[in-house]
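There are 4 protein chains.
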Amino acid sequence: MALTGVTRPGHMLLNVLDLNEGVDFYTNVMGLVETGRDDKGRVYFKTFEERDHSSVILREADTAGVEFVGFKVADEATLDQLEKDLNAYGVATERVPAGDMLETGERVRFVIPTGHTMELYATKTQFGNPLGQVNPKSWCPGHDKGICPVRLDHMLLYGPNVKEVLDLFTNVLGFYLTEYVTLPDSDEKGALWLSCSNKAHDIAFVEHPEPGRLHHISFLPDSWERVLRAADIMAVNDVKIDIGPTRHGITRGGTIYAWDPSGNRFETFMGGTAPYPDWEPIHWTWEGLGEGGGLDVAHRKLHDTFLSVVT
Amino acid sequence: MALTGVTRPGHMLLNVLDLNEGVDFYTNVMGLVETGRDDKGRVYFKTFEERDHSSVILREADTAGVEFVGFKVADEATLDQLEKDLNAYGVATERVPAGDMLETGERVRFVIPTGHTMELYATKTQFGNPLGQVNPKSWCPGHDKGICPVRLDHMLLYGPNVKEVLDLFTNVLGFYLTEYVTLPDSDEKGALWLSCSNKAHDIAFVEHPEPGRLHHISFLPDSWERVLRAADIMAVNDVKIDIGPTRHGITRGGTIYAWDPSGNRFETFMGGTAPYPDWEPIHWTWEGLGEGGGLDVAHRKLHDTFLSVVT
Amino acid sequence: MALTGVTRPGHMLLNVLDLNEGVDFYTNVMGLVETGRDDKGRVYFKTFEERDHSSVILREADTAGVEFVGFKVADEATLDQLEKDLNAYGVATERVPAGDMLETGERVRFVIPTGHTMELYATKTQFGNPLGQVNPKSWCPGHDKGICPVRLDHMLLYGPNVKEVLDLFTNVLGFYLTEYVTLPDSDEKGALWLSCSNKAHDIAFVEHPEPGRLHHISFLPDSWERVLRAADIMAVNDVKIDIGPTRHGITRGGTIYAWDPSGNRFETFMGGTAPYPDWEPIHWTWEGLGEGGGLDVAHRKLHDTFLSVVT
Amino acid sequence: MALTGVTRPGHMLLNVLDLNEGVDFYTNVMGLVETGRDDKGRVYFKTFEERDHSSVILREADTAGVEFVGFKVADEATLDQLEKDLNAYGVATERVPAGDMLETGERVRFVIPTGHTMELYATKTQFGNPLGQVNPKSWCPGHDKGICPVRLDHMLLYGPNVKEVLDLFTNVLGFYLTEYVTLPDSDEKGALWLSCSNKAHDIAFVEHPEPGRLHHISFLPDSWERVLRAADIMAVNDVKIDIGPTRHGITRGGTIYAWDPSGNRFETFMGGTAPYPDWEPIHWTWEGLGEGGGLDVAHRKLHDTFLSVVT
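Protein chains in written order, with the numbering used here: chain X, 2 to 312; chain E, 2 to 312; chain C, 2 to 312; chain R, 2 to 312.
FYI, nobody ran anything at the bench for these hints, they're computed from the structure. Check before you lean on any hint, since a few could be wrong.
Selected chain C positions facing chain R (in silico; Cβ < 8 Å) [what the hints assert, rightly or not]: (1) G6; (2) T8; (3) R9; (4) K73; (5) A75; (6) N130; (7) P131; (8) Q134; (9) N136; (10) D223; (11) S224; (12) R253; (13) G272; (14) D279; (15) G293; (16) G295.
Fair warning: this is a prediction, and the values are worked out from it, not measured in the lab. Quick reminder that beta carbons are idealized off the backbone N, C-alpha and C, glycines included.
Please model the entire structure based on the sequences and the hints provided.
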């Protein structure tokens, strides 16, 4: 948790081109659990293990991509304070009333310089999971349906002005920079990995001319063996893989990048460094991102799709 | 990191009965890296991957056990604030001057109701690790010497008044309770797992009549396969194992408990739940600790040594 | 495959005290697939991946244990030859007609000096598995039900005269000795691991006064991670574990010993050395079996149950 | 072991362009153990765990590639018999005297229709390994140097007339076909996976116009995690990777293809199906090889280099 009380990327709304197809994919291939549908046509999901009501919410739209990302904060007082801090910093906010999303309290919404809509919220019903809260088991039937990640882990977003986003996330929201890439022949940071925890990253940004783009949404299986199993499951389901299985040099996590039926890239990610705010951020040069294995330790190259394919 | 700015159990001083034997064990069996020796006879170690100067410090003494545990905090202002908070809460503190420990700043020292000496500090030289800070590799020669854990992970301490310690750690130091065990036929919490991060625990306590005892110091290998490799290495080196390999129901981490040459129990721990402060703590009954697999998922019993053998 | 044409322990009949309970266990906990029932009350199972009609067959009986073990041989001519070789060696054989077991050809049955009934057979219908025979997938839904081992791997049998069994298996049936234990203060082999393949063992024997006993039947998950998952599944299903998770020094395989509801010990085994017939067998002394980690690398002791509990 | 007494691909002579560079690579990157040098300029290696004197032998030559592959057979009588069988089949053989290779007996040499030189031999000194033969440990210092595979596993060779090679290997040498690929719009087998054990393959062939080519030499790490570690080690050492980490549909093994400094492709392979001679071979169509994931489960395509780059 950040010093500010921001805990995690708790939910995100993902646009899909065909809702039934999307629901089928996230249910049967990804192995998420559907937890509800609302009258706005949104379908709510959580992983088997997550405890809050929902983390990934699907909505049918004309274009794929991310509608908003919401960070859960410690409590309602924290929410109020962070809204004040955002306003003081010059960021306009709007309140979305409690109940607009199922089992979710009031949300503070704002747009960041990369053009993405962000939210903060303090309240979401804690449903728990089938393992239970008293003397829980470490496994239960149904545990291994589909890819079955542990959690929504992070997302990588593309848009302009990442330098301003760095300032906002570190100076207002309390994130810290874990790793960054500098642009060719420049000291300017063109890609940022930011953490509000001791996860390798909770959100990441890459400088990109088009605002508001989604590079990928990332799910965490809990081992490299589970990443291979994810590849097997993708193969059975004709899921197109972009990169991997491999290791990212950046974060050191094991990874597969692939695409959902709407063209949203998703990741099955595991491992990775567990950093702390006092650690010196790791610097990747542009060559380091490619030839240095920052993106892909095995192949040590900058895959074309990494910079060009977003939703 | 806790809202208070406490980040992690950053160092601990471990008493060993024979310094040379201890240094040999933590160097060649555990695979830690010696980083210095001071004029008080203390030998400093870090894991291959840790970045700060030292995490485990050995000292020869007549009895084994833990001398103190130090938590690294965000910065010197945080240190001052936490000292004030401790004093306001009624805990007496003392300052240990910078330089008393190698490459370490001023420490705020205090004794908690279980009889353990705790420290807070903000400054320790960041040495980095051989992987480097610019375009780091994900492996380097020497990476696999001995058990070679990723980090000092946590420690489990035994002593009286854990209920008071719970109050101190949650209300002053900013930790949160992730899991707890209630005593037989009672609602009283007899064992606590506390986190100041999203690690399954950063420190844990068990109610025990003798003050200031060490149950175990825990190191993190990064996979279940590495835990088996740790068992192989222990076997080659005649290290006596207490429990495991198995899974703890509590934290869900994979584990081996074993003893160093001085009789200090250590753990090679992996995985485990990654909790958040807003999660409802998991409740283990006394039966859950034993028959329910809280201690040992495979054998589902309360091993005698768990409650009786401490240093 | 042995030079004689013996390929593997292809089937075994296991006595259970309650058929429904046994069927439930091997279906839902072990995750085997039921493939048929015959008019003698026998229920046939295979693993998800095995291709022949059946490997484990259950029958209700007053006492648990193994009724017979059958080795599949290359073809009917091999079966005839091996029967002649057995007879020439002085072992009486009997033919069980084709069709006595479902989808299984004629079997040559004989009793070995440890008192166990063995069979050889050449024909069993090859059903294949759900992955398919043309462009098969590497995973399919249903792949992960219960423990879901890859195959029936081997069995360890207890009885008298293992020295004679060694002669019979190596000189007539074409097995080779991979590892053995000598009795205390003796050169006499008291335990044998025998392979007719390059598996670490296809069958093993321990000297024991009572004839015809079963120590365990072993199933192969394909990784150490799957062995931990097996422990989780055992815990959910209240399966009592004897030893493990740990590594055997003998074979170097990862292991859990546990008991089915009738008290038959089973093993979830992984890895292990892949030996060849020209390799010098590995010699374990009696101390090596216990303190040397032959049975249990982690705990390096001779667990009481290992020598005393059989069915 | 095949019914004929052929046990395994026991040694192979690999041509490298620069001997020192090759020795450095196979010692420090692959982690093989040098066991000798002879007066013909050949350098002998084994894996840490292999017991025979040598498996991979390097020689400097003007072109990279494989000079010969030798299969170890059960004994000298088997060697004589197999030579007779080869001659009777119409294959000319030549005897290479004992001592021509270090610690190796007489070899029977012959050329197969794909243009590769094969050898059979019965005798090679068994050196054992550092784990020992009496009460061996399961690990020892030095176990984890470089990639450190368990064994030389198999090789894939390219050349014409694979159909004839299939006949020779199955009808004379006793191998069995485990999997095969048919050419586009054809029933003709264009690629063969052959086993003389219950390994997924001991040798494989792909139809190719140029005779005597090497596609890859394969080494076996013992887990998917070790394959990732191999990728890390390749990255540190600037080893160029061709394909992977991924899973082959064919054999179901985990894999990385990469190149040694001379351009010889090698593989780090793990897992894979453990077949038997009585199993129906698995049929891959040409589309199955590519889009069906036969080569690459994750990416499901026929990588260009697979058919075009050989030495």
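Against the structure, the hints:
no.	hint	result
1	G6	holds (6 Å)
2	T8	holds (5 Å)
3	R9	holds (6 Å)
4	K73	holds (7 Å)
5	A75	holds (7 Å)
6	N130	violated (11 Å)
7	P131	violated (14 Å)
8	Q134	holds (6 Å)
9	N136	holds (3 Å)
10	D223	holds (6 Å)
11	S224	holds (7 Å)
12	R253	holds (5 Å)
13	G272	holds (6 Å)
14	D279	holds (6 Å)
15	G293	holds (4 Å)
16	G295	holds (7 Å)
Of the numbered hints given earlier, the model fails hints 6, 7; all others are met.
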